[in-house]
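Student: Residue numbers (the working numbering), protein chains in the order written: chain A, 1 to 229; chain B, 1001 to 1243.
In case anyone wonders, no lab produced these hints; they're calculated from the structure. Hints are not guaranteed to be accurate.
Some residues of chain B that are not near chain A, with every Cβ distance over 12 Å (derived) [stated by the list, open to error]: (1) L1026; (2) T1055; (3) L1100; (4) T1102; (5) A1139; (6) A1144; (7) I1164; (8) A1193; (9) M1227.
A few chain A residues that don't get close to chain B, going by computed Cβ distances all over 12 Å [claimed, not checked]: (10) Y15; (11) I73; (12) Q129; (13) M144; (14) A190; (15) F208.
Just the calculated beta-carbon pair ranges, DEER-fashion [as the list claims (entries may be wrong)]: (16) B/P1013 / A/Q222: 48 to 58 Å; (17) A/L88 / B/R1232: 50 to 60 Å; (18) B/R1232 / A/A54: 47 to 57 Å; (19) B/I1113 / A/G84: 35 to 45 Å; (20) A/F56 / B/L1033: 27 to 37 Å; (21) A/L213 / B/N1105: 53 to 63 Å; (22) A/Q191 / B/E1016: 18 to 28 Å; (23) B/G1146 / A/A54: 53 to 63 Å; (24) B/A1067 / A/Q222: 15 to 25 Å; (25) B/Y1239 / A/P126: 21 to 31 Å; (26) A/L161 / B/N1105: 55 to 65 Å; (27) B/L1033 / A/Q142: 35 to 45 Å; (28) B/L1214 / A/G84: 42 to 52 Å; (29) A/F56 / B/G1146: 50 to 60 Å.
For each residue, glycine too, the CB sits at the ideal point set by N, CA and C.
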Amino acid sequence: MLQFDFDIILKTLPYLLREGMVFTLTLTALAAFGGLVLGTLLALMRLSTIPGLALFATGYVNLMRSLPLVLVIFWFYFLVPYIGQAILRTERPVEVGAFASALITFTLFEAAYFSEIMRAGIQSVPKGQLSAGYALGLTYRQVMSYVVVPQALRNMLPVILTQTIVLFQDTSLVYVISITDFLGAASKVAQRDGRLIEMYLFAALVYFLISFLASLLVKRLQARTAIIR
Amino acid sequence: MNYNWNWGIFREPNPEGSGTYLDLLLMGLNWTLATAALAAVIALVFGATIGVIRTLPSRGLVLAGDAWVEFFRNIPLLVQLFLWYFVLPELLPKAAGMWLKTLPNASFWTGAIGVGLFMSSRVAEQVKAGIRSLPRGQAMAGTALGLTTAQTYRYVLLPMAFRIILPPLTSELLNTVKNTSVALTIGLMELTARTRAMQEYSFQVFEAFTAATLIYLVLNASLTFLMRRLERAVAVPGYVTGK
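The shape of chain B in the complex, shown without the other chains (with noise of 0.2 Å):
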């Protein structure tokens, strides 16, 4: 393999100015890591009011749900990046389409914001599969102690309900965090995409894409990890979750 291998390389200036090329990679990291953190508090907020909803003993609401859930689920990210960044500001009226393209870091907002919607989709199939899960008698036994919907939802249904899906969930946080890099065809300069720079600035091609690997797998480790703590720790005893 005539391939010049240079391990040294993320310890020299990159040409942006910004420190080394590992500097670089990182500050890929951090707009990765803000990205993924904005799309996952919107992927829960939407994906579980959403999943709630389906739930609920009303045709419309549920039809509602599920025309959100197929919107979400049947269009490519890339393509719903694409429309949200390119097509979005054009169908406004023209000073709201105006405000968001020279919204400063518009394509982090886009790209969070969609990678968020996206996701909520998953979020509510697993929200909705969790209240599914729980036996009848639990909504029955909240609406007999006098409870209204809402209270059933909130101190019956949803906190169980939460911890049955808490390991799919950590699936999709996971998911999520990757699902980032797709932002980086809008501009978003996240890890994959600081990666690609790295490479075509200094030719090291493996070097940086070795990096970029060891730095996700990194990454998701340690989320697993944490959300596993989570897990243990929200456990309920005598349930199959609460070991």
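Same shape as in the complex, but just chain A (with noise of 0.2 Å):
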């Protein structure tokens, strides 16, 4: 029978937590509210009725959300140094850190998913909102950031939260660029120290962990924030 050494873990926590687990969940935080702002934003084109606008997002939504992750995260990061190029206009492709392609790219795929939760979250706001915000005098943007998006976030609270916990798992897609996070810092130990099997089930452990008891209190918010109709 195999031996498990779990002193493995206790030793290198430290660095798990530090190196790893920090990148992780910064980068699920920056990229959840990114892709919600420019999620909502994208929702707002889509329910437009400027028909250039209404297109590009609605091609946008559906190209990111038929692509895999994966696919998605090898695009821009051979992308993102061309177009910091194209925009800063350098004489060669500009060298994007780890971080920040990584950030880009979830940024970007995770709007087209958030995009599709507050379109519909607009359009569970009724009607008579909307006519009640112009018939008082507000412009579009007032009617939109005062009236009907707040409402919009409200309603969709508890599934903007669950796919930020779909995000949080999904971070670990990071492993095929190389970049250290949670899982990319225990792979590392795994294979210096050859403790695969320690390694991996406590990552595992720590995943579970952190996206079930989330899970838990979105539901127990679910359960306080819904507004009885």
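Now that you have both chains on their own, put them together as the hints suggest.
Tutor: As structure tokens, this is what we get:
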């Protein structure tokens, strides 16, 4: 029977948390925030009456949702330096750090998913609210930012948070471009010390606990914020 | 942009000696399709079973079903694949572990089963929601007619529940296809992995990724089209789903 060595986890825990988990959580939080902002804009574009805007947003969302995240991660990993070059007008492709590259990828990718959530949220706001806003003399921008979007956010909060938990799990895929997130750190230790079993089981346990507890909290929140109609 | 475009690359021979670069990508597509097909079957079989179990009037079974769903839903797919591929063979008795490790196409079997089980938790959620969405009277009517629980599910509940959840099942099928790309981390040479290989052999990054993107788009569109056909074919007249 093989010997488990759980000491290795205790010894490397500071590294796993400080290097790995901080990266994973920062990436999750920033990408969720950026994705939500961008996704809301995409949803507004998609629902707008300007055909060009609606078409662009629909195309973008459908394209992103048809591609595997792994492929998108590779796409941006190679594309971002060239985009940087085009924007900054430099001689060579710009060198982009691992964190920036991952953040751009996840923000743009998640924006497509958040946009679908926000679209449903905006459409769930009764039409009368919009009319009331316009009747009060508010402009489109004011109606959206003071009346419609806040209610859409509230209605969709549980779904948004659930999507953020999915995002938290998906950030582990930065493994494919050799970034040291939580799983990356665990994997490095695993390969260095030949302790694959302990490290991968531990990583699974940590991901499970965080996701499971977070989803329990979301369920409680859902019960508390549900508006009885 | 100082990048040397070369769209003719797809007709050039690949260094693996397996035809052109296009052939390389198509071989990847074959593995993607095979993995997704097996994974979809596993997801459907386990998902339907667990979904049904979670609606049965037995606390123990419901709890077991919930545990299944929470386990497979709360661990990232990548970590799950690592567990099946690297950890499981070590935890088994030596002979069984050796057999697993030396299995031909091990990454295919692990990838398909791993993705399948991961997706089964999503399918289980849909199946449960589908059964719950039926009026309670349907199950009661089944019982009143003298059907056993199994018969009620087989002849009354499931035929309608599956029709209702066909649209969300379609997106789970598409997710299954997309998720097979994660199996490249355990060495499965599916479409995304072959695209990476083509990029490394030829340095034509953007041509390779554009081609892969187009293939995934066509695959998505075809599957969506087929599922819509299926939806129409099995629609029950008079129901919202059966327009």
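Student: Now look at each hint and say whether the structure bears it out.
Tutor: Outcome of the hint check:
no.: 1; hint: L1026; in the structure: holds (16 Å)
no.: 2; hint: T1055; in the structure: holds (19 Å)
no.: 3; hint: L1100; in the structure: holds (14 Å)
no.: 4; hint: T1102; in the structure: holds (18 Å)
no.: 5; hint: A1139; in the structure: holds (26 Å)
no.: 6; hint: A1144; in the structure: holds (33 Å)
no.: 7; hint: I1164; in the structure: holds (19 Å)
no.: 8; hint: A1193; in the structure: violated (9 Å)
no.: 9; hint: M1227; in the structure: holds (14 Å)
no.: 10; hint: Y15; in the structure: holds (18 Å)
no.: 11; hint: I73; in the structure: violated (10 Å)
no.: 12; hint: Q129; in the structure: holds (27 Å)
no.: 13; hint: M144; in the structure: holds (28 Å)
no.: 14; hint: A190; in the structure: violated (8 Å)
no.: 15; hint: F208; in the structure: violated (5 Å)
no.: 16; hint: B/P1013 / A/Q222: 48 to 58 Å; in the structure: holds (57 Å)
no.: 17; hint: A/L88 / B/R1232: 50 to 60 Å; in the structure: holds (52 Å)
no.: 18; hint: B/R1232 / A/A54: 47 to 57 Å; in the structure: violated (27 Å)
no.: 19; hint: B/I1113 / A/G84: 35 to 45 Å; in the structure: holds (41 Å)
no.: 20; hint: A/F56 / B/L1033: 27 to 37 Å; in the structure: holds (31 Å)
no.: 21; hint: A/L213 / B/N1105: 53 to 63 Å; in the structure: violated (38 Å)
no.: 22; hint: A/Q191 / B/E1016: 18 to 28 Å; in the structure: holds (27 Å)
no.: 23; hint: B/G1146 / A/A54: 53 to 63 Å; in the structure: holds (55 Å)
no.: 24; hint: B/A1067 / A/Q222: 15 to 25 Å; in the structure: holds (21 Å)
no.: 25; hint: B/Y1239 / A/P126: 21 to 31 Å; in the structure: holds (27 Å)
no.: 26; hint: A/L161 / B/N1105: 55 to 65 Å; in the structure: violated (39 Å)
no.: 27; hint: B/L1033 / A/Q142: 35 to 45 Å; in the structure: violated (51 Å)
no.: 28; hint: B/L1214 / A/G84: 42 to 52 Å; in the structure: violated (25 Å)
no.: 29; hint: A/F56 / B/G1146: 50 to 60 Å; in the structure: holds (59 Å)
The structure is inconsistent with the numbered hints 8, 11, 14, 15, 18, 21, 26, 27 and 28, although it conforms to all the rest.
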